[in-house]
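2 protein chains.
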Amino acid sequence: MKPDLATDRDESTVLVDLGDRSYPIHISTGATGRIAAALEKTLGQTSHALLIHDAAVEPWAEAVAAQIRSDTLRVDIASVPSGEPSKSIAQYQELLDWMLERGADRRSVVIAVGGGVIGDLAGFVAASFARGIRFVQVPTTLLAMVDSSVGGKTGINLSGAKNMVGAFWQPELVWIDTLAMKTLPDRSYLSGLAEVIKYGVIDDAAFFDDLESNAAALVERDPEVLRYAIRQSCLSKARVVGEDERETSGRRAILNYGHTFAHAIEATAGYGTLLHGEAVSIGMQMAASLAIQLDLCDPGVLERQTQLLQACRLPITFPAADAAAMLPVMMRDKKVAHGKLRFILPTKIGHVELVGDVDPAEVETAIRAHR
Amino acid sequence: MKPDLATDRDESTVLVDLGDRSYPIHISTGATGRIAAALEKTLGQTSHALLIHDAAVEPWAEAVAAQIRSDTLRVDIASVPSGEPSKSIAQYQELLDWMLERGADRRSVVIAVGGGVIGDLAGFVAASFARGIRFVQVPTTLLAMVDSSVGGKTGINLSGAKNMVGAFWQPELVWIDTLAMKTLPDRSYLSGLAEVIKYGVIDDAAFFDDLESNAAALVERDPEVLRYAIRQSCLSKARVVGEDERETSGRRAILNYGHTFAHAIEATAGYGTLLHGEAVSIGMQMAASLAIQLDLCDPGVLERQTQLLQACRLPITFPAADAAAMLPVMMRDKKVAHGKLRFILPTKIGHVELVGDVDPAEVETAIRAHR
Numbered sequence: 001m002k003p004d005l006a007t008d009r010d011e012s013t014v015l016v017d018l019g020d021r022s023y024p025i026h027i028s029t030g031a032t033g034r035i036a037a038a039l040e041k042t043l044g045q046t047s048h049a050l051l052i053h054d055a056a057v058e059p060w061a062e063a064v065a066a067q068i069r070s071d072t073l074r075v076d077i078a079s080v081p082s083g084e085p086s087k088s089i090a091q092y093q094e095l096l097d098w099m100l101e102r103g104a105d106r107r108s109v110v111i112a113v114g115g116g117v118i119g120d121l122a123g124f125v126a127a128s129f130a131r132g133i134r135f136v137q138v139p140t141t142l143l144a145m146v147d148s149s150v151g152g153k154t155g156i157n158l159s160g161a162k163n164m165v166g167a168f169w170q171p172e173l174v175w176i177d178t179l180a181m182k183t184l185p186d187r188s189y190l191s192g193l194a195e196v197i198k199y200g201v202i203d204d205a206a207f208f209d210d211l212e213s214n215a216a217a218l219v220e221r222d223p224e225v226l227r228y229a230i231r232q233s234c235l236s237k238a239r240v241v242g243e244d245e246r247e248t249s250g251r252r253a254i255l256n257y258g259h260t261f262a263h264a265i266e267a268t269a270g271y272g273t274l275l276h277g278e279a280v281s282i283g284m285q286m287a288a289s290l291a292i293q294l295d296l297c298d299p300g301v302l303e304r305q306t307q308l309l310q311a312c313r314l315p316i317t318f319p320a321a322d323a324a325a326m327l328p329v330m331m332r333d334k335k336v337a338h339g340k341l342r343f344i345l346p347t348k349i350g351h352v353e354l355v356g357d358v359d360p361a362e363v364e365t366a367i368r369a370h371r
Numbered sequence: 001m002k003p004d005l006a007t008d009r010d011e012s013t014v015l016v017d018l019g020d021r022s023y024p025i026h027i028s029t030g031a032t033g034r035i036a037a038a039l040e041k042t043l044g045q046t047s048h049a050l051l052i053h054d055a056a057v058e059p060w061a062e063a064v065a066a067q068i069r070s071d072t073l074r075v076d077i078a079s080v081p082s083g084e085p086s087k088s089i090a091q092y093q094e095l096l097d098w099m100l101e102r103g104a105d106r107r108s109v110v111i112a113v114g115g116g117v118i119g120d121l122a123g124f125v126a127a128s129f130a131r132g133i134r135f136v137q138v139p140t141t142l143l144a145m146v147d148s149s150v151g152g153k154t155g156i157n158l159s160g161a162k163n164m165v166g167a168f169w170q171p172e173l174v175w176i177d178t179l180a181m182k183t184l185p186d187r188s189y190l191s192g193l194a195e196v197i198k199y200g201v202i203d204d205a206a207f208f209d210d211l212e213s214n215a216a217a218l219v220e221r222d223p224e225v226l227r228y229a230i231r232q233s234c235l236s237k238a239r240v241v242g243e244d245e246r247e248t249s250g251r252r253a254i255l256n257y258g259h260t261f262a263h264a265i266e267a268t269a270g271y272g273t274l275l276h277g278e279a280v281s282i283g284m285q286m287a288a289s290l291a292i293q294l295d296l297c298d299p300g301v302l303e304r305q306t307q308l309l310q311a312c313r314l315p316i317t318f319p320a321a322d323a324a325a326m327l328p329v330m331m332r333d334k335k336v337a338h339g340k341l342r343f344i345l346p347t348k349i350g351h352v353e354l355v356g357d358v359d360p361a362e363v364e365t366a367i368r369a370h371r
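Those protein sequence lines, which keep their order, are chains A and B.
Take 1 as the starting number for the first sequence in the UniProt record's numbering and just add one per residue.
Take 1 as the starting number for the second sequence in the UniProt record's numbering and just add one per residue.
Bear in mind the hints are in silico, worked out from the structure with no lab data behind them.
This one's a predicted model, so the numbers in the text were calculated from it and none came from an experiment.
Keep in mind that the hints are not guaranteed to be accurate.
Copies of the same chain look alike in the list, so a pair counts if it fits in one copy or across any two.
Said to hold, decoys possible - Think about it this way: if two alpha-carbon atoms lie no more than 25 Å apart in a straight line, the pair counts; the simulated SDA-like pairs of lysine to any residue are:
(1) K41 x H26
(2) K162 x D97
(3) K348 x L158
(4) K340 x A66
(5) K162 x E94
(6) K162 x S88
(7) K340 x D359
(8) K162 x Q93
(9) K41 x L158
(10) K340 x R74
(11) K162 x D76
(12) K162 x A90
(13) K340 x V75
(14) K162 x A66
(15) K41 x S249
(16) K340 x R134
(17) K162 x R106
(18) K162 x Q91
(19) K340 x D105
(20) K348 x D204
(21) K182 x P223
Taking the hints into account, I'd like the entire structure generated from these sequences.
Listed below in structure tokens is the structure:
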């Protein structure tokens, strides 16, 4: 990848174009010293911020708070336990009560500092407190940077149903500083790369080429390569979301490449066995195999995808995959399609299509190919 | 009032114009036998409805369910206890869990049958289940017909803070049948008239004239006069909301005429002592007195308002009004205005203005005028 793009400096900004809900994603390495100015530019004069962070990134959250706190801007801080169980109605209520107690009103701003769990939870809090207040995201994991920072999906879980309650609520600003990942364990970091590679497969062949050429640098977290990968991922997602903000046209479904398999793997393996990105990596492999079985693409697609995932140290098989257990999960997942299995499948690197009414026997074969 | 308008038949429809969130309000006496057809026309083919109703209107809810249930439309029913305490996070969660258990998905429809409490609660459930599903309102109180059916405000309470959590979520259809009020106690019915009269004062002098001429018929619940009053109220509110859907321009604030006083009366009298409409009636009297004190209007405004409220058997004084206790509540209520007291005050019948920075001593005088 030749970083010869005009915007490819230490800092760049991706504009997510959603009419009057448009917002900028600022991508940098080490620019957090300037977050106060960026906030003021985006939000205008603001007197009260509620910073909600993952307990695991407390030092980063404190650093952000120290930057933005001033004589005119009061900053309250809430720490939320790491992990999916925090996306509960109980935790949601606790945060709302805390905000009320801290005197939050319609002009307050919620700032989420953490990964996807915090973004989803704090986002729904912002979407519903006083019927919706402003929201800023400071993602601290690669997955949140390339996935949750675009799309406006917020939400919490009901027992047994992920993201069943929530809202579409767009942030005013997303502030990505790759230094926030300094303490992110390698396994978490690498799992985020699965979603990065996904954008190459579904939407951008040139980006996929660049990732192939720079896989080693990406694994080493080279800042320049990393910023480029984050920016291209956000641009891809922003393009898709811009065409289908509220998931009504079906266009947005292409973002689910590999995810129907991944969700079934996660559900049958027990959540927590695999990281989400690892399950997506295996799920993309199964989806590519299914596409080849259905004569939608040639075997070269799977080969290149396999090599890139392996170069990024991502798992490409799941020995415990149990097709008999996974299929019913997939059927439930797809209830919107009248019980017929539908998949996002590649026709070539850089392009996918929605394929309906797939024979379960073919799905089983694809699963077995990656055990 | 001469019901000589072309639309003034047994049935009429008010269109709330909010771009792609526009919806019809159907107003009738006895048309509920045709609700199934109206639903299909508005929603298209639908396979699953979740009807949430106030326990006090179970027979009406069952009648609605019987009309819409069919071989192709499954109807699940949940009964919610009457009263403000049902607008809790606990009740909200209970309904969400119930919907999940009943197999609700993105294409399901929530139907609220009841007054403001049910509309607010079921509306927020609809706004947030699966990040927002379709919503139909079947108001059964006069207050809900003329107030909650327009505006899209949904929400629940935190302890000590009304409507602190919620969403703006527009219904697909509002179905008003005045027969639904058959069992509504007189006191509840009459309290709804306070909001009807409010629209005359804030927005429509001709409507106010008509109400004066027909107050006796209105108190007697004459169906034709009642439908006219509901329609004009919905039209007034729809005009205001259409200009300021998300309460950002300030225009929508005019709907709060009398309400700053009313909320303070309710809070200091203890919720439940007065019905909301009764508090609004007294609050409008205090606001009109304040306007006269500030030389904004002549005393005739208060005189006409007093006579109309009395003709509708609404209270115009509150002997227990305690200005010393009410003022701090009003200050808190208005925190968005930097702690300065702001009021919606009439300049003449049919027109109000937002008046900022009012002297607390003047407010006390206005309160004392209606003890």
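(request) Could you check the structure against the hints above and give me the numbers of any it violates, in ascending order? (result) Hints 3, 4, 9, 14 not satisfied by this model.
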